[in-house]
Amino acid sequence: MTDTRTEFTRLTLFVPGSPPTLDTWGARLASVGLTIEDGRCTGLAGVGPITISHIPNDGHFAEAFCFGTVAEPMLAALARAPSALVCELPVDLLAGRAAVVTFVRALRDAGALAVRIEESKMGWAVDDWLDHFASDDPRRWYRGAVFALVGDDACETCGMHAFSLPDALVPVEENAEDARYFADVLCMYQLAEDPTLASGHTFAPDADTPRRVLVRWPALAYSSGHSCHNPYGVWRCESPQPNQVGPSAGAFLFTPSLHALLVARQRAQKAPLTRADVLAVRDEAACMGVDHGMARQMERARGYADLDPVLLWEQWSAIVDAR
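The working numbering puts the sequence shown at residues 1 to 323.
Heads up, a few of these hints could be off.
Ranges between beta-carbon positions, derived for each pair [stated by the list, open to error]:
#: 1; residue 1: Thr-21; residue 2: Asp-127; range: 32 to 42 Å
#: 2; residue 1: Ala-249; residue 2: Pro-73; range: 23 to 33 Å
#: 3; residue 1: Pro-171; residue 2: Pro-82; range: 42 to 52 Å
#: 4; residue 1: Glu-63; residue 2: Asp-152; range: 21 to 31 Å
#: 5; residue 1: Glu-177; residue 2: Tyr-222; range: 38 to 48 Å
#: 6; residue 1: Thr-51; residue 2: Asp-178; range: 35 to 45 Å
#: 7; residue 1: Val-245; residue 2: Gly-39; range: 27 to 37 Å
#: 8; residue 1: Asp-194; residue 2: Ala-276; range: 35 to 45 Å
#: 9; residue 1: Gly-246; residue 2: Ala-76; range: 25 to 35 Å
#: 10; residue 1: Gly-59; residue 2: Gly-39; range: 39 to 49 Å
#: 11; residue 1: Ala-27; residue 2: Leu-279; range: 56 to 66 Å
It is worth saying that the hints were derived from the structure and are not from the lab.
For glycine and all other residues, C-beta sits at the position ideal for the given N, C-alpha and C.
Start from the sequences and build out the full structure, keeping to the hints where you can.
This is the structure we're talking about:
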């Protein structure tokens, strides 16, 4: 299937290193054919311009990596690092992984010390980062980019939007480790197979674990402007109900998206939307029926998942309540 994705930021990397100035970074990257000019880096094969920002050390570089994945000697080196680059790439770590690895190798050779993925805040010494993502093992990619938030009621992963995929949200029932195991395997399955999943599909991490029903839901753990917010949402992994309905035969593609239409309607009427308002927006909107594969392709092209028209009131209410 043709990749029709437009170019906007899909992955952001924070990269401290030894070069003291942007000119020094640029001169070193030029030796491998990469050019930094007017805040954009060009020359990476198969990838459009990368937005580059240069940041002098503000005294907090080491703190940005102090989550247990970077050893003390490297933390000390990061504390002394004179500057960093923030690199906003138009490719993700799934379709664009090989290109991102090539870019990070060039950064390492230019003096990069460590790399942090802003979508999850997972950071590694640069050689460790490359070990994760130069590997062909999706389990390494997952461990390198994603972490799980385990609470009393649920386990939710964070960082799957670095791969343009939904995160997983699994309720904690008997113990948290079971929920985390379920979430981990579901996410690694997405990375390994990139399956076409839809609400109503079921999943189990192994033959001995009861299957759960997947329901696509907006990600609510972080606000929409936060780098850890997943615009592709989450898979809520729910217990099957009596007379459980399976996935629909296809999907409806709304243009503009239902979410955009609801935001516009609320701004126009300057008051909270009622259930009748929300359903009226849906019923009056233009849409076309597509298969789930096409719906996923279009979702990735625009960089976010729309709301489910069947669960529209419930999902819109959840978004409003989370603000």
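The hints, checked one at a time:
Range check, Thr-21 to Asp-127: about 24 Å between beta-carbon atoms, so the 32 to 42 Å window is missed. Hint check: Ala-249 to Pro-73, Cβ distance near 57 Å, so the stated range 23 to 33 Å is violated. The hinted window of 42 to 52 Å between Pro-171 and Pro-82 holds, with their beta carbons roughly 47 Å apart. Taking 21 to 31 Å as the suggested C-beta distance range, the pair Glu-63 and Asp-152 conforms, at roughly 28 Å.
Separation of Glu-177 from Tyr-222 is about 24 Å and departs from the stated range, judged on CB atoms against 38 to 48 Å. Our hint of 35 to 45 Å for Thr-51 and Asp-178 holds, since their Cβ atoms are close to 41 Å apart. A hinted range of 27 to 37 Å is violated for the C-beta pair Val-245 and Gly-39, which are about 50 Å apart. The given range of 35 to 45 Å is respected by Asp-194 and Ala-276, whose C-beta atoms sit roughly 39 Å from each other.
As the Cβ distance of Gly-246 to Ala-76 is approximately 55 Å, the hint placing it in 25 to 35 Å is violated. Take Gly-59 and Gly-39: their Cβ atoms lie about 24 Å apart, and the range 39 to 49 Å is violated. Range check, Ala-27 to Leu-279: Cβ separation about 59 Å, and the 56 to 66 Å hint holds.
Hints 1, 2, 5, 7, 9, 10, counting from the list given before, are not met by this structure.
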